[in-house]
Amino acid sequence: MRKLIVSVVLVAVIVFSLRSFFVDRIPKLAAQFLSHGMHVPIYLKKIVFHSSFLEVKDFAMVNPKEANFEYALTVDTLHVSAPYMSYVFADPLVLDHIFLEDVRINLEISKDNTTACNWNIIAENVKANRTHWYSNERKTFIKQLILRNIVIGVKLYGKNVQVLSPIPIMEFHNIDVSEGLPIQEISKIIVDKLVSTVYASEAVKAFFSLPFQLLIKPFDSKNPKDSCQGYTPDPGFKVLAWF
Numbered sequence: 033m034r035k036l037i038v039s040v041v042l043v044a045v046i047v048f049s050l051r052s053f054f055v056d057r058i059p060k061l062a063a064q065f066l067s068h069g070m071h072v073p074i075y076l077k078k079i080v081f082h083s084s085f086l087e088v089k090d091f092a093m094v095n096p097k098e099a100n101f102e103y104a105l106t107v108d109t110l111h112v113s114a115p116y117m118s119y120v121f122a123d124p125l126v127l128d129h130i131f132l133e134d135v136r137i138n139l140e141i142s143k144d145n146t147t148a149c150n151w152n153i154i155a156e157n158v159k160a161n162r163t164h165w166y167s168n169e170r171k172t173f174i175k176q177l178i179l180r181n182i183v184i185g186v187k188l189y190g191k192n193v194q195v196l197s198p199i200p201i202m203e204f205h206n207i208d209v210s211e212g213l214p215i216q217e218i219s220k221i222i223v224d225k226l227v228s229t230v231y232a233s234e235a236v237k238a239f240f241s242l243p244f245q246l247l248i249k250p251f252d253s254k255n256p257k258d259s260c261q262g263y264t265p266d267p268g269f270k271v272l273a274w275f
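To get my numbering, take the position in the sequence shown, counting from 1, and add 32.
If you're looking for bench data, these hints aren't it; they were derived computationally from the structure. Some hints could be false.
Unchecked claim - Below, simulated BS3-like cross-link-like pairs (lysine-lysine); rule was C-alpha separation at most 30 Å, straight line:
id, residue 1, residue 2
1, Lys171, Lys143
2, Lys97, Lys159
3, Lys143, Lys191
4, Lys89, Lys175
5, Lys89, Lys171
6, Lys60, Lys89
7, Lys89, Lys187
8, Lys159, Lys60
9, Lys159, Lys187
10, Lys97, Lys187
11, Lys78, Lys97
All chains, please: the whole structure from these sequences, using the hints.
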């Protein structure tokens with residue numbers, strides 16, 4: 033009997049240890065997977081899986097090496113509501129809602145004011161990886177998208193960095209991701225904030241058709257390659273070992 037108890041305890045300890053080992057490494061694995069596709073470092077502090085939702089804490093996407101801003105995008109909390117198995121099998125994938133809390137977006141605008149250079153390079157990296165076995169181009173439908181407390185940093189060519197006043201909330205409904213986000217609505221809010229730099233609005237419009245497509249369907253960049261001088265894809269980018 034004593035041996036049985038000891039064996040059960042030992043098995044329980046092993047199972048708990050293995051569970052802790054893998055659970056603790058899920059954020060790192062997810063970050064490395066995204067980093068590999070975007071050729072920029074991605075950091076995730078925590079991922080919570082539930083039968084009806086997925087939550088990510090402290091998401092950060094580092095900018096390409098040529099950028100002035102350290103990060104292209106940071107999100108304190110990203111909450112996605114959809115049944116767990118939908119992420120694996122559903123086609124089209126229907127997400128009940130995506131909620132982003134405390135969002136920081138940084139744009140670095142080209143000399144001709146037509147391109148968000150940092151995001152254009154990330155898009156080129158994703159495009160180059162779209163033929164890999166893990167590429168996923170399935171249609172995705174978002175019933176509700178909410179962004180709360182959005183801060184936008186803008187760096188125009190030859191100008192100092194501008195940090196715009198926070199936008200309290202953006203809310204959108206029934207979004208077909210394959211057709212992009214509602215660019216005109218978002219762009220108007222951004223352009224109103226820019227005021228004296230309204231001529232950069234085309235770059236802002238282009239940017240807002242991009243971020244969510246990056247994670248679901250690669251973005252087809254139509255910007256000329258010479259519009260962002262000094263910004264180049266990083267074919268030699270490597271991620272750290274998984275363990």
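Verification of the hints:
Annotation: proposed proximity of Lys171 to Lys143 is violated, straight-line Cα distance about 35 Å (limit 30 Å). A C-alpha spacing of about 18 Å is found between Lys97 and Lys159, which places the hinted pair at or below 30 Å, so the restraint holds. About 10 Å separates the Cα atoms of Lys143 and Lys191, which keeps this hinted pair within 30 Å; it holds. For the suggested pair Lys89 and Lys175, the alpha carbons sit about 22 Å apart, so the restraint of at most 30 Å is met.
Distance check on the hinted pair: Lys89 and Lys171 sit about 26 Å apart at the alpha-carbon level, within 30 Å; holds. Between Lys60 and Lys89, the direct Cα distance comes to roughly 12 Å. Compliance with the 30 Å bound is thereby established for this hinted pair. Of the pairs offered as hints, the one joining Lys89 and Lys187 holds, with about 27 Å between alpha carbons and a cut-off of 30 Å not exceeded. With a C-alpha separation of about 23 Å, the suggested pair Lys159 and Lys60 falls inside the 30 Å cut-off, and the hint holds.
Of the supplied pair hints, the one linking Lys159 and Lys187 holds, its CA atoms being roughly 25 Å apart against a limit of 30 Å. About 15 Å separates the Cα atoms of Lys97 and Lys187, which keeps this hinted pair within 30 Å; it holds. Using a Cα cut-off of 30 Å, the hinted pair Lys78 and Lys97 holds, with the two alpha carbons roughly 25 Å apart.
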